[in-house]
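Let's have the full structure, built from the sequences with the hints guiding it.
Residue numbers (the numbering used here), protein chains in the order written: chain A, 1 to 113; chain B, 1 to 110.
Wrong hints could be hidden among the right ones.
Said to hold, decoys possible - Reference listing, derived: stretches of chain A covered by chain B, where coverage requires no fewer than 3 residues with Cβ under 8 Å from a Cβ of chain B:
{"id": "1", "segment": "45 to 56"}
{"id": "2", "segment": "72 to 79"}
{"id": "3", "segment": "85 to 99"}
Claimed, not checked - Some, not all, of what chain B presents toward chain A, calculated at C-beta under 8 Å:
{"id": "4", "residue": "Asn38"}
{"id": "5", "residue": "Gly42"}
{"id": "6", "residue": "Leu43"}
{"id": "7", "residue": "Phe100"}
{"id": "8", "residue": "Thr102"}
{"id": "9", "residue": "Gly103"}
As the list claims (entries may be wrong) - Counterexamples of contact, computed for chain B against chain A with all Cβ distances above 10 Å:
{"id": "10", "residue": "Gly16"}
{"id": "11", "residue": "Lys26"}
{"id": "12", "residue": "Asn31"}
{"id": "13", "residue": "Gln33"}
{"id": "14", "residue": "Arg60"}
{"id": "15", "residue": "Thr67"}
{"id": "16", "residue": "Lys69"}
{"id": "17", "residue": "Ala78"}
{"id": "18", "residue": "Ala85"}
{"id": "19", "residue": "Asp92"}
The hints are simulated quantities; they were obtained by calculation from the structure and are not laboratory data. C-beta: ideal position from N, C-alpha, C; glycine also.
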Amino acid sequence: DAGVIQSPRHEVTEMGQEVTLRCKPISGHNSLFWYRQTMMRGLELLIYFNNNVPIDDSGMPEDRFSAKMPNASFSTLKIQPSEPRDSAVYFCASSPNVEETQYFGPGTRLLVL
Amino acid sequence: SQQGEEDPQALSIQEGENATMNCSYKTSINNLQWYRQNSGRGLVHLILIRSNEREKHSGRLRVTLDTSKKSSSLLITASRAADTASYFCATDWNTDKLIFGTGTRLQVFP
Chain A
1 DAGVIQSPRH EVTEMGQEVT LRCKPISGHN SLFWYRQTMM RGLELLIYFN
51 NNVPIDDSGM PEDRFSAKMP NASFSTLKIQ PSEPRDSAVY FCASSPNVEE
101 TQYFGPGTRL LVL
Chain B
1 SQQGEEDPQA LSIQEGENAT MNCSYKTSIN NLQWYRQNSG RGLVHLILIR
51 SNEREKHSGR LRVTLDTSKK SSSLLITASR AADTASYFCA TDWNTDKLIF
101 GTGTRLQVFP
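The following block contains the structure:
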């Protein structure tokens with residue numbers, strides 16, 4: 001298996017622009033997680049899905065952030081409009097079930113100017 | 001606030017030495033996991049220990065869990081330069097998601 005796939009790996013954009021991050025989980029995994037990592041705040045869980053249904057989005061910082069999982073093999077995290085404070089590395093992870101080992105993607109490094 | 005707090009925040013050792021990292025958490029758990037993150041990469045799962053287990057081994061890794069003290073330790077024996085990374089503990093707070101600690105940055109000098 002190729003593991004969790006994220007795209008793009010790097011994104012540089014200007015403040016106010018829409019940013020879409022993409023994730024393909026490991027086939028057969030039922031849970032998908034979006035995290036944000038910064039030096040100041042560490043690794044934060046933004047939202048997670050179980051069987052394509054959003055379970056907990058309490059970590060989503062603002063209404064500017066939204067996430068979808070239209071099917072078992074694809075998820076997006078969208079920021080609209082983006083702001084410089086959104087600059088971070090965004091990780092997607094998947095697991096067979098919520099409480100089990102999580103497999104992380106390589107991350108998307110986002111820089112908002 | 002963070003569920004897990006690692007200690008120390010940073011650790012520097014020579015190759016061949018053992019490295020010990022500690023994790024403390026606040027609420028009851030079902031399991032505790034340790035992850036490693038190399039610079040610029042995603043996290044990689046190392047080991048999972050359940051609340052009814054006290055010790056677990058995997059290669060050069062040894063993890064202990066003391067639920068009465070709400071703490072865990074990760075021991076890396078005979079460290080190598082390739083072990084240089086950040087190490088995170090994660091607990092299943094409220095059983096529905098993992099909460100990661102702040103991490104320990106380990107530097108192993110050849």
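Hints and how they fare:
1. 45 to 56: holds (count 4)
2. 72 to 79: Not satisfied, violated; 0 residues make the cut.
3. 85 to 99: With 4 residues in contact (Cβ-Cβ under 8 Å with chain B), the coverage given for the segment 85 to 99 of chain A holds.
4. Asn38: violated (11 Å)
5. Gly42: It holds, given that the least Cβ distance between B/Gly42 and chain A is near 3 Å, below 8 Å.
6. Leu43: Since chain A brings a Cβ to about 5 Å from B/Leu43, closer than 8 Å, the hint holds.
7. Phe100: holds (4 Å)
8. Thr102: Since the shortest Cβ distance to chain A is 5 Å, the answer is holds.
9. Gly103: This interface hint holds because 7 Å falls under the 8 Å limit.
10. Gly16: holds (29 Å)
11. Lys26: holds (16 Å)
12. Asn31: Incorrect as stated: the minimum Cβ-Cβ distance to chain A is 7 Å, not above 10 Å.
13. Gln33: violated (7 Å)
14. Arg60: Holds, since 19 Å exceeds 10 Å.
15. Thr67: Answer for B/Thr67: holds, closest chain A Cβ roughly 17 Å.
16. Lys69: The claim stands: B/Lys69 keeps its Cβ more than 10 Å from every Cβ of chain A (closest is about 23 Å).
17. Ala78: holds (25 Å)
18. Ala85: Non-interface label on B/Ala85 holds, nearest chain A Cβ at 13 Å vs cutoff 10 Å.
19. Asp92: For B/Asp92, whose nearest Cβ neighbour in chain A is about 5 Å away, the distance does not exceed 10 Å, so it is violated.
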